[in-house]
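Residue strings, one per chain:
4 protein chains.
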Amino acid sequence: MLDIEEVKKHNTRKDCWVIIHGKAYDVSDFVDEHPGGSGVILKYAGKDATKAFDPIHPGDTLVKYLAPKYHLGPFEDYDDDEDDPPSQEELRRRQKKLDKPDLSQMYNLNDFEFVARHTMERTAWSYYSSGCDDEITLRENHASYHRVFFKPRILVDVTNIDLSTTMLGTKVSSPFYITATALGRLGHKDGEKVLTRAAAKQDIIQMIPTLASCSFDEIVDEATSEQTQWLQLYVNKDREICEKIVRHAEERGIKGLFITVDAPQLGRREKDMRSKKIEDLSHVQGDDEEADRSQGAARAISSFIDTSLNWNDIKWFRSITKMPIILKGVQTVEDSLLAVEHGLDGIVLSNHGGRQLEFSKPPLEVLIELMPILKQKGLQDKMEIYLDGGVRRATDILKAICLGAKGVGIGRPFLYAMSTYGDAGVFKAIQILKDEMVMNMRLLGVTSIDQLSEKYIDTRHFQTRYLPEDKLFGAVYEPLVSPAFKDSKL
Amino acid sequence: MLDIEEVKKHNTRKDCWVIIHGKAYDVSDFVDEHPGGSGVILKYAGKDATKAFDPIHPGDTLVKYLAPKYHLGPFEDYDDDEDDPPSQEELRRRQKKLDKPDLSQMYNLNDFEFVARHTMERTAWSYYSSGCDDEITLRENHASYHRVFFKPRILVDVTNIDLSTTMLGTKVSSPFYITATALGRLGHKDGEKVLTRAAAKQDIIQMIPTLASCSFDEIVDEATSEQTQWLQLYVNKDREICEKIVRHAEERGIKGLFITVDAPQLGRREKDMRSKKIEDLSHVQGDDEEADRSQGAARAISSFIDTSLNWNDIKWFRSITKMPIILKGVQTVEDSLLAVEHGLDGIVLSNHGGRQLEFSKPPLEVLIELMPILKQKGLQDKMEIYLDGGVRRATDILKAICLGAKGVGIGRPFLYAMSTYGDAGVFKAIQILKDEMVMNMRLLGVTSIDQLSEKYIDTRHFQTRYLPEDKLFGAVYEPLVSPAFKDSKL
Amino acid sequence: MLDIEEVKKHNTRKDCWVIIHGKAYDVSDFVDEHPGGSGVILKYAGKDATKAFDPIHPGDTLVKYLAPKYHLGPFEDYDDDEDDPPSQEELRRRQKKLDKPDLSQMYNLNDFEFVARHTMERTAWSYYSSGCDDEITLRENHASYHRVFFKPRILVDVTNIDLSTTMLGTKVSSPFYITATALGRLGHKDGEKVLTRAAAKQDIIQMIPTLASCSFDEIVDEATSEQTQWLQLYVNKDREICEKIVRHAEERGIKGLFITVDAPQLGRREKDMRSKKIEDLSHVQGDDEEADRSQGAARAISSFIDTSLNWNDIKWFRSITKMPIILKGVQTVEDSLLAVEHGLDGIVLSNHGGRQLEFSKPPLEVLIELMPILKQKGLQDKMEIYLDGGVRRATDILKAICLGAKGVGIGRPFLYAMSTYGDAGVFKAIQILKDEMVMNMRLLGVTSIDQLSEKYIDTRHFQTRYLPEDKLFGAVYEPLVSPAFKDSKL
Amino acid sequence: MLDIEEVKKHNTRKDCWVIIHGKAYDVSDFVDEHPGGSGVILKYAGKDATKAFDPIHPGDTLVKYLAPKYHLGPFEDYDDDEDDPPSQEELRRRQKKLDKPDLSQMYNLNDFEFVARHTMERTAWSYYSSGCDDEITLRENHASYHRVFFKPRILVDVTNIDLSTTMLGTKVSSPFYITATALGRLGHKDGEKVLTRAAAKQDIIQMIPTLASCSFDEIVDEATSEQTQWLQLYVNKDREICEKIVRHAEERGIKGLFITVDAPQLGRREKDMRSKKIEDLSHVQGDDEEADRSQGAARAISSFIDTSLNWNDIKWFRSITKMPIILKGVQTVEDSLLAVEHGLDGIVLSNHGGRQLEFSKPPLEVLIELMPILKQKGLQDKMEIYLDGGVRRATDILKAICLGAKGVGIGRPFLYAMSTYGDAGVFKAIQILKDEMVMNMRLLGVTSIDQLSEKYIDTRHFQTRYLPEDKLFGAVYEPLVSPAFKDSKL
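Residue numbers (the working numbering), protein chains in the order written: chain A, 3 to 492; chain B, 3 to 492; chain C, 3 to 492; chain D, 3 to 492.
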């Protein structure tokens, strides 16, 4: 058995040990080859790196990439907190985690976010919850739903309500899916596999993210034989790697390829940056080095995602796969029409959950503009239209479908459910939405998804936007004050 | 005399005693036949069930349904609090109740709600005050009135103001009525009878609810001979029961049958669910069992209300009664026109006080859309149009009438007045509205209800909605912060 | 010298003494003849009635109406507080009054209101500041100015700025006047005379209120020989009294008769009612008796103001006076046109400062609608148009004049200036407005009042209203909450 | 060496010594000739005047204007605080200054403002941050950007992003410049020279202010040989002085003359006035004497800026310089067209950062109105259009350019960066904007500035204004309250 004091001595680039999941490893020879850069490893030289390691490495990484001779084995139990005593805030968080409300107290998706905000590790919460710039788009995504009202019909026989529909040919139990979100292990040790299991039980589709914590195969292996999964793809500059990923996905039975087109460069999210240990995730953000940052962090990311991806590449994707191809991140009517022209099977109207370009219009707004134009051109059935971002209630889903969407993707709420209550949490979150769906369809006077249409919707006041507050600008503004009384006791 | 300790021993399904109004009853043989389910009884096995029993059972229930042999008789006085010590919050509430402001301090309907919020039992307050989802509709119902402004005329002789009008043929002292709301005994031991008495004194109409705490006959018996009452009906799947109710109502002199059409399933109200003892009311909500909830609470309610009710049923209602038939819960222009077509005597534009479908349009908005269409088709006199939801001021009532309503229904405010100051409270609340009516008609330059018309109204800015805040979404959102100063004293 | 203990004994209707300004009076024989009712006198039987007496009686009242034999003379100094110890709030107010900021710290009209709110007696503050219902109209009056933007012109020679203009033939130094407001002695012992003196020094017009604390003649006597005063008139049912008032005003040199037409009944203002000693002012409000209130306080006021006043009466006014006649309180385009038709010399667009009918449109909004119609009919020069309500900045005044007003009336701000800093305060408040006027005209690129026109104004976004919050409704609403953590430490 | 006690004795007009930068000077003979008035000098008679002296005098002032005989030399170190002990607030500020966050924690321009607000001297902060009247225009300038949304295009090769553009013929690295702002030494001892150096390193243009703390030549001397600078000009009544300034600027290589046209009189800014030592800056504000203020401070400023400047003067400016001439402070479409007519080289749409006329429209709004009209008349290339005011994010800049601006000016944010982190701060602030620019152009689907156009912009909802709150009016308003419970514990 190793001694922790021994490990602490190996804390230089030349002699670098780290602890991961209670075992020590000698990574001295590996430091300079680490795809994520040497900086993040050296930060943990002689220390426990588990928390930084987990969210971004599949479970078999060490076995696969580090020769056995570097595996130094387990060592005596030690208290990580001893070296790095937790802050008051962290101690409060841990207590909160113990005191969290029972799952039965979760009545809506916001409740999971509430518990997550108070119990998740700061780093993880910040990564999941953050958006770009002033997070106006992030909030407007949800707020836009408030601008649409219902026209509920009465005296309709609503005894039997059927929520099922089809998506890209798959029959599903309800018109929403779990969309791709990165780094599932930040919230739960099983990462994306939790979502896989819940999706199976609830018979909805899961979209597997490129930046998953679990490996693609781990996630697919977790699925049942009847379960449908899709793949979200960040296109790599190296088209061989890209092709390999796509072909492998098709072989493993993936039923839809969702190419992300709203992120030629990953967004800069200040809430995330403010959270203390964010440097550990920096290779994802391209923010690894202060030096680089001052030169423009934005330029450092080109190795990761292909900034040259363009419409001409669609043909190539068609040539390497028979899977339906969908563009994820369409933000305008113009590009939606181009997508039809290029024969795509679908689009996801999305601004990446408000994490990329601030003031990109909320997807619901694009949908409202798009559908009349598609219908006028007779193109409304040429591809399936999805949207994601800001969905929290069944009423949101119903509005999107009434307005022409085939279904909606939901991301963060399921991450929060996973991070707080694991499998049961995600199952419950999905169930809440289904219960709300049944209730609201009944109250709306419809009994099946295909009956939902514009006649149940009032968008007359849609032009009145209720823009979320610019919190930073508002907070730094010093309001005028009235004259001070002399004793200043007022 | 019984001993309380003795009662406590009979706390199983096979041997089940409960205390109600200071008397013990053996309900062992009855548990499984209880229409509200056995769960709620077993919860009180060996305990005092008065508070759970009262709001949902007419006063003669035990006499009627429980054979004398099960009446175990009274027993020594005991303190209910001993077993279930009140929380700090509950103690504060009780103190508040003692300290409540004098009735003379009530200047408007909001004041009653204020006192109610702080003095009513948590369960009762939550049941009365709650709405569906994020309660946006609940608040928008009131807020919509703010979008209408007056065009007051000057130099009119306004010495004599006459508030009287007629509703379904009845002459009334003022153009508003007490609408049907469930479970009156949650707020006052006399339940709906308090409202009956106040309506009589003030010469306005009371609509009797299907889900009253008092029995229908108790409420009708309480009325004076000149008093007009209407009946609100949740249509039972069993049409024989339904017919019996309707025919009995007509025999007892009810002057209008208001069929509720906005609630094929009763809404899920989270504020209500969060309140502690809500399980006692669960059979109303269909939320009685966690097990069921996880499977979709929405499906459990079909036994109570007929989800298949539709336009074809109107004819049948006509065949069993001569009472005027009115649809309560119409939410669109389309259904209003269908109501005319089906020969109904009236409609109530209502979204059930924001308790059913979130984002159903506020009734005032539907009215503003509806009237020009009815007039264009020459149908404006074919039926009487009422509305309810969000009315708090005489100005609200005047706006509705100017825009074409025959009258408005008011529910919660009278419940709050009843729950805080009983008979005198409801009388005062009605009087406040009448005083405001006289004052405001005078200032508007009109002297009688029939003079009120669109010419006194400016709806030019009606399209600017001031949407109530999404409180939960807003509360879970973590605002961006400015960088921390090092000493964090800022 | 009298002994205070002696006075206290005379505290019945039959034997009633009161103290006013340090002297005792026997009012036993007068109680039942008091025009304001006996109730208010009896309330002070055996006590000091100065504070209740002052605001509503001219200074010579006792001399005039109470025979010398009832004047019991002065008595030993005593401390009024002894009987009625001041509340903590009152003590804080008195301290604040001592500590008030120097006049030089007043930078705008809001500053006076701020000091007034914290230093004025509760009763007085409440009477001055209150509005009707939820005070939405009161606030909207000001907020409506925010919907108008300027189109300032550059490169204009703005060296010499001339603020002078004429109103009803009088040359004035600036296009605003001190409008009529009741009960000036609530705020300052000299009452309306303070405003008279400041108006003289600043060469602007004062409108004398019917409900002044000082008598009409006291106010006119206070004026300089060059000073112009107008008279605001509440029309008395007894036309002889009315005629007497009007003829006397004309004789005393009044230059304009402003007939109030927005108050056939005086408004019910809840903030005012909530303030403790408001019963002393009750005869003004018609709220003197609880008994009456429950029957509808609104009906009690008819003796005071003629509710039958109508357009036909205008002719009669013309027959008894040569003064220009102006209607104060016009609230619609329709009535403005009727005013032209009836040959009136002017109108004041006003909703009585938001004290009468809630949701009466803000005067600026009526002006914006009115002017194009007047111009289209060629009537824009037939009468002078004024407005009042919500004016706080020179920019407000400039907007009103650009849009067609001849001038604006300002009420409360001058009352606050008077109540806090007396003569110097009102002078300064007027001066602030003038300074702002010069500055802003220069920045707008105009040099004289007659250059102001619609071309300097942008009303394009006027339709977006920013409605003030419904504070009571908002405050009684209980927001939804997220689930509670178990330890409730959150 | 002098003794501080000695200096204190010379504290009269006849015998007046002051300390500046640790040296004493005898200014007795100079007091009456001081261009800023004698008042401000006398205030510091016998005291340290450094803080009041620095921001408004170039570094060589004393050498230039005060004969050596008056230079009394240095003296023993003393503690300024001893005479004038700092307030608690000042002590907190000094501590904050020590504890300020690392520069690396600055993520956006608001962050600099946040640190500035808490660490700058009260006087300086107030002078920089204040606006006119209720500062609604100041905030609306920024808020107006929120009304414009993007239409981002996908699948565009965005590998290489070029931010460079040209302004008045100068190639610059990014489409924004440092606009002219007064009194740089209030925030940093090097004043405007800090901005000069950062502009050089970042290859952007600096506009030199007339009211700089450093002399014009100091600022120009600080520039590199390749660096471009512009000059902002307040036109002096004395045209000889004016001509001298302009000719000198041209000789020194200035590349653009920006004539300020929105400030015939400098604005009255209440936040600034409330700050304690503002009297020291009074000659700039024209607010030096209470006596004068009461007569209208507005009239005192004519000696400083030519209020008669008008369109006819443009020709004269053309006659004395070959520099491009630009009008700074155009606020309407009408004046923009006049600028074209008068052959100007450009305009800056600006309301002086909300410091002059309240309710002048935000520049972005004027731009949106202007461009279609210019294009319709074929005038869009006749002059370059800039704007300033409220720019905080690269998205703001991108919106302005998409809508037709050639570039934007940024003032306060760079002052805050300078005042908190000096050279490194300003460099970083510029770099943040550039990084945001690259990121956002990539996400928008454009690679160079000239591609930016209206097709990337959605102004459909622009008409919905979100007007900033009227803070003073809101703060003095006393909300209605519900009735009080008797024990008032509520």
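Warning: the hint list may mix true and false statements.
The list treats identical chains as interchangeable, and a pair is accepted whether it falls inside one copy or across any two copies.
Said to hold, decoys possible - Here are the simulated BS3-like pairs of lysine-lysine, each with C-alpha atoms no more than 30 Å apart in a straight line:
hint, residue 1, residue 2
1, Lys436, Lys473
2, Lys457, Lys379
3, Lys191, Lys246
4, Lys408, Lys457
5, Lys379, Lys246
6, Lys102, Lys473
7, Lys488, Lys191
8, Lys99, Lys257
9, Lys203, Lys317
10, Lys98, Lys11
11, Lys473, Lys408
12, Lys45, Lys430
13, Lys457, Lys377
14, Lys457, Lys473
15, Lys191, Lys102
16, Lys384, Lys457
17, Lys99, Lys473
18, Lys98, Lys473
No lab work stands behind these hints: they were computed from the structure.
Consistency of the hints with the structure:
no., hint, verdict
1, Lys436 to Lys473, "between (34 Å within a copy, 22 Å between copies)"
2, Lys457 to Lys379, "both (20 Å within a copy, 21 Å between copies)"
3, Lys191 to Lys246, "within (28 Å within a copy, 61 Å between copies)"
4, Lys408 to Lys457, "both (16 Å within a copy, 28 Å between copies)"
5, Lys379 to Lys246, "neither (37 Å within a copy, 57 Å between copies)"
6, Lys102 to Lys473, "both (29 Å within a copy, 21 Å between copies)"
7, Lys488 to Lys191, "between (60 Å within a copy, 24 Å between copies)"
8, Lys99 to Lys257, "neither (38 Å within a copy, 58 Å between copies)"
9, Lys203 to Lys317, "neither (36 Å within a copy, 45 Å between copies)"
10, Lys98 to Lys11, "neither (35 Å within a copy, 38 Å between copies)"
11, Lys473 to Lys408, "between (34 Å within a copy, 29 Å between copies)"
12, Lys45 to Lys430, "between (39 Å within a copy, 26 Å between copies)"
13, Lys457 to Lys377, "both (15 Å within a copy, 23 Å between copies)"
14, Lys457 to Lys473, "between (37 Å within a copy, 29 Å between copies)"
15, Lys191 to Lys102, "within (18 Å within a copy, 38 Å between copies)"
16, Lys384 to Lys457, "both (22 Å within a copy, 25 Å between copies)"
17, Lys99 to Lys473, "both (28 Å within a copy, 24 Å between copies)"
18, Lys98 to Lys473, "both (27 Å within a copy, 22 Å between copies)"
Checked against the numbered hints given earlier, this structure breaks hints 5, 8, 9 and 10; the rest are met.
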